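Chains as they are written, first to last, in the numbering used here: chain C, 27 to 157; chain B, 2 to 150.
Derived from the structure by calculation, the hints contain no laboratory data.
Quantities reported herein were computed from a predicted structural model and do not represent experimental measurements.
One should not assume that every hint holds.
Reference excerpt, derived from the structure (chain B facing chain C, CB under 7 Å, subset only) [said to hold, decoys possible]:
(1) Val53
(2) Met54
(3) Asp72
(4) Gly73
(5) Leu92
(6) Thr146
(7) Phe147
Beta carbons are placed, not taken as given, at the ideal position from N, Cα and C, and that holds for glycine.
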Amino acid sequence: MNDPSPLVFEPTTLQLFRFSAATWNPHLIHYDRAYARMEGYPDVLVQSHLHGCFLVEVVRRWADGRGELRRFSWRNRHFATPGDVLTCTGHIVEVDGDLVTLELEERNQDDRLCVTGSAVVALTSNGEDGR
Amino acid sequence: MIPELYEKCRSLVGVSTTEYLGRIELLATQRFAVAAGAVQCPGPHPLFLSSVMGWRAGPPESELYPDGTADGFVPGLPLSGVRLMGAGQDLEFHEPPRVGADVTLETTVSDVELKTGRSGDLLFIHLRRRYTSADGTLLTTCRETFIAR
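All chains, full assembly: derive it from the sequences and hints.
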C-alpha cells in the first residue's frame with residue numbers, strides 16, 4: 027500500500043470568495059484585504075475549513091473507491107493567503123486490520139508548516155490492493 | 002472583556018443546545034464541493050456539515066459585527082467585540098449524510114480555558130457538535146476549539 031500522492035493547492039481570492047459564499051461565512055477577513063491588513067495580515071486569509079478541505083482531498087483521492095473515511099482532524103498552525111503555494115502530503119503511519127491511519131501536513135512555498143492533520147480510513151473488503 | 006466572557010462561558014460548560022439546521026440541499030453540497038476543489042464528490046463532502054456557518058438566511062447586515070460575523074457559534078453566548086478564530090476540527094464520521102436529510106445539531110460547551118498570552122487574554126472554547134438526521138441517526142461528531150481574543 028503506497029502513501030498518498032502529494033497535492034498542490036494555490037488558493038485565489040476567487041476561491042476564497044466562493045468558499046465563503048458556499049458556507050455562508052460573512053467574516054470580512056476572507057474577502058476584504060483592507061480589513062485583513064488592519065488585523066495585521068498581508069492579505070485575506072484562507073478559511074480554516076478550506077485548509078481542512080485541502081488536506082482531506084489528499085485522503086479522498088488516495089482512498090478513491092477502496093475505503094471510507096472514518097475520522098479526520100486538522101489543526102491550523104500558520105495562516106495562508108492567496109498566492110501561497112500549499113503542498114499537502116500524507117503518510118501511512120498505522121495499519122490495523124482494515125483501518126489505515128494517515129498523518130497529513132500542509133506546507134507553504136517557504137516550507138512553513140501551515141496545517142497538520144490525521145485521518146482514519148476503513149478499507150472495504152473488495153479492495154484491489156493485494157492484501 | 003475576555004474575563005467576563007470566560008465567566009459567562011463557564012456557566013455554559015456542560016450545557017447542550019439542540020437546533021434544527023435544515024435540509025441538506027443538493028445545490029448547496031455541489032457548490033461546496035466545487036469551492037473546496039474536491040474531485041468526484043457525488044454525495045455531500047465530508048466537511049460540508051461542519052463547515053457551513055449559516056443554515057438559515059441569517060441576520061440583516063445591520064446586525065452583523067464590524068468584522069462581518071454574527072452570533073450563533075456558541076448558543077447563548079454573545080460575542081460582541083470579540084475576535085473568534087477556528088483552529089481546526091476533530092471529526093468522526095458515523096453515517097454519511099444524504100441529500101434531502103433534515104439535520105439537527107446538538108452543541109455542547111465541553112470546556113473553556115482562560116490563558117494569558119503575549120498579546121493578552123485568550124479564551125479557548127471547546128465545543129462538541131453532534132449532527133443527526135430526522136430519524137435520530139448520528140451522522141457526524143465534531144470537536145472544535147475556538148479561540149476568542
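Quiz item: Does the structure break any of the earlier hints, and which numbers would those be?
Solution: 3, 4, 6, 7
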